[in-house]
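Student: Sequence:
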Amino acid sequence: MAAVLLGCGGGVGPSADAPTPAGTPPQRLCADLITHWAGVILDAADGTDAVGLDYQAMGLSGDQYEILRAVLDGARAVRRDEGAPAARAFGAREAVRRCAERYRSGTPTDGPWR
Numbered sequence: 001m002a003a004v005l006l007g008c009g010g011g012v013g014p015s016a017d018a019p020t021p022a023g024t025p026p027q028r029l030c031a032d033l034i035t036h037w038a039g040v041i042l043d044a045a046d047g048t049d050a051v052g053l054d055y056q057a058m059g060l061s062g063d064q065y066e067i068l069r070a071v072l073d074g075a076r077a078v079r080r081d082e083g084a085p086a087a088r089a090f091g092a093r094e095a096v097r098r099c100a101e102r103y104r105s106g107t108p109t110d111g112p113w114r
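Counting in the numbering used here, the sequence shown runs from 1 upward without gaps.
If you are wondering where the hints come from, they were derived from the structure by calculation, not from laboratory data. Note that the structure is predicted; figures quoted are calculated from it, not measured.
Derived CB-CB ranges, DEER-like:
#1 Pro25 <-> Val51: 24 to 30 Å
#2 Val51 <-> Asp17: 40 to 46 Å
#3 Thr24 <-> Asp46: 31 to 37 Å
#4 Asp32 <-> Pro85: 18 to 24 Å
#5 Ala18 <-> Glu66: 37 to 43 Å
#6 Ser61 <-> Pro85: 25 to 31 Å
#7 Pro21 <-> Gly106: 17 to 23 Å
#8 Asp49 <-> Ala89: 20 to 26 Å
#9 Asp73 <-> Asp32: 15 to 21 Å
#10 Glu101 <-> Val40: 21 to 27 Å
All residues carry an ideal CB built from backbone N, CA and C; glycine is no exception.
All chains should be modelled from the sequences, with the hints used to inform the complete structure.
Tutor: Here it is as structure tokens:
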């Protein structure tokens with residue numbers, strides 16, 4: 001009985017030979033975060049604090065926050081000229097481009113950062 005309660009017995013579960021799932025690449029995670037927060041901020045009324053959070057509370061690094069600010073600058077110009085849907089599309093494209101550029105040579109734990 002103790003083996004069952006403690007999970008020490010054999011049984012169902014991943015084997016030691018099971019492959020480890022791949023993680024999300026940092027450039028993709030960056031683009032997803034930037035696209036999300038850019039959309040939230042663009043959807044808020046101008047002049048309001050859309051999220052009431054600092055960049056760390058949004059789950060962003062300092063570099064990612066700089067990317068977000070640049071994406072928002074461009075997306076706001078697109079919104080004025082072409083509307084909200086075009087601004088969101090621009091923001092998503094620009095986030096992918098800028099995040100790919102940011103992570104092209106590695107992250108702080110690999111690549112040339114070592």
